[in-house]
Structures are given as structure tokens and as C-alpha cells.
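Following the hints, complete the assembly by docking chains X and U onto the known chain H.
Chains as they are written, first to last, in our numbering: chain H, 578 to 840; chain X, 7 to 272; chain U, -7 to 302.
In case anyone wonders, no lab produced these hints; they're calculated from the structure. Backbone N, C-alpha and C fix where the C-beta goes; we use that ideal spot for every residue, glycine too.
According to the in silico footprint, chain U covers these stretches of chain X (three or more CB under 8 Å from chain U):
| # | stretch |
| --- | --- |
| 1 | 75 to 87 |
| 2 | 108 to 114 |
Non-contacting residues of chain U with respect to chain H, defined by C-beta distances greater than 12 Å in every case (computed):
| # | residue |
| --- | --- |
| 3 | Pro76 |
| 4 | Ser84 |
| 5 | Arg246 |
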Amino acid sequence: MSRRAVRVLAGVAPPLFFGVLLLGVWEAIVRGFDLKPYFLVPPSNIGSRFVDNWGNIWAAMRVSGTNAAFGLVLGSMAGIVIAFLLSRFKLLDELITPMSIAVNAIPAFVLVSVFSNMFSTTSVVPRRLMVTLVVFFVVLVNVAKGLRQVDATHAELMRSYAASNWEILRKVRVPNAIPYLFTALKIAAPLSVIYAYVSEYFGGAQDGLGSRITGNIANSKNAVGWAYVLGACLLGLAFYVISIAIEAAVTPRGLAQPNRDGS
Amino acid sequence: MNAVEVMGVRKVFNQGKGNQVDALVDIDLVISPGSFVTLIGPSGCGKSTLLRLIANLTEPTSGSISVNGKRAKQARLDQDYGMAFQQAGLFDWRTVARNIELPLELKGWDRAKRRARSTEMLDLVKLPEFSGYMPWQLSGGMQQRVAIARALAAHPPLLLMDEPFGALDEMTREHMQAELLRICASTGTTVIFVTHSIPEAVYLSSQVVVMSPRPGRITQLVDVPFGKERSEETREDALFYAKITEVREALRGAEFEPTARGIEDR
Amino acid sequence: MTATTKNLKEVVAAAPVQRYWLVRRARRAAMFVLSVVIIAAGWELYKSVGPQDGGSVLGWKILPRAKDRVMPHVSDIVSRFGDPIGRSSDESVLSVVLKAVFYSLRLVLAGFAIGLVAGVLLAVVMTRFKIAARAVLPYLVISQTIPLIALAPLVVSWGGKLKVGGLVWERWMSASLLGAFLTFFPIAVGTLRGLQSPPASSIELMDSLAAPWRSTLFKLRFPSALPYMIPALKLGAAGAVIGVVVSEISTGLRGGIGRLVIEFGRLTTSDPAIVYTAVIGAAVLGLTMAALVSLVDVLLMRNRPREVLA
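This is chain H alone, in the form it adopts within the complex (with noise of 0.2 Å):
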């Protein structure tokens, strides 16, 4: 085996074993405790359930991730516009940065409930805006810090050349910023489909995700609200997965990312 080959096996195996010791026990616990499935169900019974509701499942994914797409998409692009005109004007920073920070804080989810009131409610809207609003407030923050937080070092070198602000932008901030722009989105990406389902539960139209996880639950069809959340998880991973193809397909390699906590 080549040494590259074996290098990676060397890196996959420790979780690999680890997740499947972790089902194992999983199943094992139930099994021998006899647990009842209020309170856990088989990881075999989940398999089992996801397969015989396939296409019920994939139905609820759709509408979560059509949902979670739309809001991904406005709310990106609403926070990059932002968050150039906060590069811009420093009022507006100061004013809406505590805003956000604080919107980061509080559980946003109880706006549903007043978005459901505002709108019909067969409506779409009340998930999509939630789960615009949260996007939003993410790129927006990381977006501004990107066009922000430029070496000092390039700014100085543009200004000696007399760069004009547009100029500056251009060249140095928005180039600076992309990283952070994928930072963001590889943090919205799975928060939309959480967001797009759990609005779910506070009620308004009933199709997606969230209202079969509870329903099934609510009739105690455990296993199957068990395999409604392995497609939440699916669709959540699947959406973080997109991301970071995207980000992988526009981003040279090599260049240095920052982190998950802004830093």
C-alpha cells in the first residue's frame, strides 16, 4: 500500500471505529436493557423505518431544504449588501453591530410566532423569513469583518499609491473578504435546514420536517420520528457538504481560512 494511502486510512480509521463502536453499544443497550422505544430506539429499527418511509421522508426533506435554500440565498445575498454598506458608512457598524451580537444571543425561534400571525397561515413565508433573518445576521457579521479587518499593511500600500476608496475595495476588501464569506455560509448552511424545520413546531403550515418529526412522536411511531430526524441530519450534512464543494470549486488552494469563531 502506498504510503499516502496508508496515511489516510491512519487518519479515517480511529473515528470510523469510533462510530461504529458507538452504534454498536447503541444497539447492544437497547437490546439488552429491553429499553422501551419512548426512550430509544435501535439504530436497526431506525435503518429499517428511514427505508420502508423513503418516500415520505424525502417529501419533508424537499420542503425543509426548498424552504432552507430560499432563505440561504436571500439572506446571503442581503447580508454581503449590508455589510458593504457598513465597510462604508461606520455609523451604520456601530449601530447595527451590537444589534447582531445580540440577535446571535436570543433564541430567534419565538419569532415564528409572531411571523405566522402576520402572515397567512398556509403560508411559506413565516419559515422562509425566519430562516432569512438568521442567515442574514451570520453572513452579514463575518462579511463585514472580512471588508473590515484588512493588513494593515495592504492599506497603507494602496493609500501611498492614492487608491481611491472604490479602488481600495476592490483590490485589497473584497478579496480579503471571500474567506470569510465561505466561513459564513459553511455556518448558515446547515443553521438554514435547523431553522426551515424547527419554525415547524411553533406552528403555521404543517408539510415540512419539524410538524412529521412531532406528529409521529405525538402518536408514539418513535422509530419513525427517529428516521424523520436521520433525514433532518442528512439534509443538514448535505447542505454543509454543498458548501463547502462551492467553496472548494471558487477558492484557490492554500488560501488561509479563518475560523469557525470569527477568529
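The following block gives chains X and U in isolation, referenced to the frame of chain H:
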């Protein structure tokens, strides 16, 4: 008893793999107590590696090292030496005094004893008013002095220094060299010092150990007979310049390349 | 020139630094209040010009209804706090909301504490045993992408049905547990990064001082980890709040602010302003936790140089 004995030491990194490196070969060195010995050589000659072997931060591939009459590992566990690096390496979250007290905490000293010793050390390095300051409030030279105070806090018989003045500007550097000599004269500590700078080596040491490029060997020992009392005038002495020339030629002779790499002539 | 005078000239003055940071925080708080005022003004503006029954833009029904029944005046919302809750009791809305916030806050703190301890412990284990780090870290990273909150209804359904030893599992425990779960992951990741952050030279220093692993952990790794843990604590606090509130909502966990939001939401036809009071209450809950973490931040980091890390 010798302060340090290095016998037949060889150090190889990544043995058996494609990127194997022979860092040190056939090192034999004896250092007597109270002396100030400098290791000098071009980049990559293994002088820092040798220092770290003595400090037992890494083990030799073959050969043995004894420090203070014990095996190097035992000497480290017994805290028979203090060490100072190029970066002062002070802890940002501790005051200057508490930084100096770090080795003493690890030895289990009680607070009163620790505080008395750190005050004593701050007097020694001439920074008595700064015990409550934070490291980032101090200049580079002052931080390095605190690092030396920390290294000497437990009064070890041996001090190991790996280019501690390398990050300082020229004037601070000369000042620090004088301070270091004064401190070591008053404590009687044996010092092993690693540097790139020939004038620094000659000014500070009683003996200069010249090393060859990789694989590192000791090629020559140059005695510097100035005695412990050295001053600014020493730097102007004719013998000083002669010794600098002697070391420089020893370094040139040690190399197989015509150009000198990594040696400073300042 | 004596050595001492020369030294004093080299020192950077530290006193103004502390004052500067206090001023910055006060200014930020003032700006926050100003932005709330601006939002309120925007609210009223929309009410005066917006379509009473909702409207469409380019065929999309995206304009919310502006009538008083759906979007009460800001003054109505504020005054609603002071009025009695009506129907069953004379207790003021403010009192009811605050009680609910306090109830949820205790659940959040319990969950946060558990998640914090578990996360830090795991991070320490992963620092000590590299193989544990290699095996578990990918899951920790992935956990921040998959919607763990999906487990909320499942965990909550344990309430009242499960017996652990002699103890019956209460619904509120599910809420705290979920809060703990969402706290655990960001704190484990952040703490791990922090514990691994000290430079090799500092680790070597501890080696040269013959320090045992435990001493290095407490004297070097943990202090170095603090700047990394603070943003993780913020994420964890937000996660704990979300976990508890969502759990409250997916059951009927009486007493908490999440439940209150749903209950008040159902009253909108007769009492349009009351749901907003609950929403504000939920916001207060989140902000309280954020303020607590900020307090920890200020207390623990006051002696450190301010780098752009958090």
C-alpha cells in the same frame, strides 16, 4: 566534579526514514564548574540540539551526558539547571513576580518563601519596581531579564541559554551581556550559551566551542583569558579583537564552503 | 544614567487601557439601545404606510399585515406589560413573563453547567490522549453542522414515562439535557483548541522545569485556553437557551418562556399585543445569558493584553 560531561554523543533525527538527519556526531565535551562556555557555529550545526540534549529535552541516539554528576534526566527532574530561550516565554496572564515564582511553585515552595526569592531575583536583575507589572507592559530587554531571573530563581548550579539576546537590538544586547556577566559573577553559576554572534561569544565566555556545519562536530576550543571582570573597555582591547579573529578563522576552517552562512560579524 | 531610570523610560503605560475598554462597552450598549429605538420607529412607519391586510410585491405575498390586530403599536406593547393578564388573575403581564423567564433561566443554567463540565472534561481527555482526539474530533466538528435540535421532541417525550433508578424523569430535565447537549459541542471544540494552543517553546519550558502533566495543564494549558473558551462559552450559552426554549415548546412544559410564547400566540385574536411581551421575554433570557458570559469574560481577562481573538 565537572559541571557537565558529554561523552561520545551522537544525535540522529528520523532514523531509518527518508528524511534522516545526522545532527551531531562524536561530541565530547567537558565543562568545569563556574565557567562560561559558548557554543558557536553556522545555522544547522546542532548547537541548539546539543544544548537541548544537555537539558534532557531530547535523548541522544548514542553516548551519554552527565550533569552535576548525574544522568541528564535525573538532573532535569532534580531541577539542577535553569533555561532561557530566545523568546522570553513569559506567561501573559501572570505578573512578573509570579512568572519568576513558577519554578518554585513546581518545587512546592510556600508563598512566603516564593515571594522572598522573587523579590531577591528582581533586585539581582535590577527590576525591583516591576514585580506587579504584566509581561506585555515590559520591553523586550526587560522581559528577557525576567526570563533570566526565572531561570535562576531556584539557584541552580547550571544555566543553559539558547540565543536569549537574538531578538534584541544591538544596544540593548550589549547592555544585557554586561548584566549577564555581572549576575553570573555574583551567583557563581556555570553557563552554557548558544549564539550566532562572534563578538558576543568572545565577550561573554571563558571558552568558545566552535562547531562545524551539519553533521555537527566540535572542531576547536578557543580559550578567552579575560577573567570574570569584563567591562566596556574589554571590547576595545587588542586581545579582544585577536580572539574574535581566532574564532572567525576557526569557523571558516570548519566549513567546506567558501561563503560563511549564518555567522554575524557584529 | 542609572539602570533604573533607563528602565522606567522603556515601560508602556498600562492604566489607560482598562478605562478605554469600559468606555467602548458603554458606547456599544448605547448604540444597541439606539438601534432598538430605530427598529421601533421603523415598525410604526410600516404601520402607517403598510397594507392593512398584507400585500404582494411582484405577485409574492410577502408584505405582512399592518393592522393593529396583528402589528400593535409599540406603545401598546409596552403598556401591555403593566396591565393585568386578565381572564383568570390580576397579575400583571410583566410579572407573569418575568416568572417564566426565571423558570427557563434556571433550566438553562443547569443545562449550561452540565454541558460546560462535560465539554471541558472531554477536551482535557482529548488533550491527554491523542488517539481519543483523532477518534472523536471529526464527530465534534460534524455536530456543528447537523441539526441536533431535531432530537428535542424525542428527548422531551421521555418526560413522565422514564424512571432512572428511583427518580422519575421530569419534562424539565429533558429541556436542560437538550440545553446541555447543545452547549457541550462548541465548548468541547473551543476548549480543545485552546488547550492545544500554547507554543511549543512554552511546553518545553514546562518540560525543562520537570513539571508533571497535571501542572502543565493547570498552569499553562488552561490559562492559554481562556481566550479560546470565551467565544465557545458564548456559543454554548446561546445553544443552551435554544435547547431549553425549543424543548419547552415541543412539549407542554408549563412555566417556561417558550410555552408562554405559544400560549400567548394563541390569544392574538383577542389580545394582539401579548405575544410580543413573551417574545421580548425570550429575548431577555438570551441576553441575560450573553451578559453572564460577558461578565466572565471581563473578570477573567482583565489582566490580559487585548488581541483580536474573540
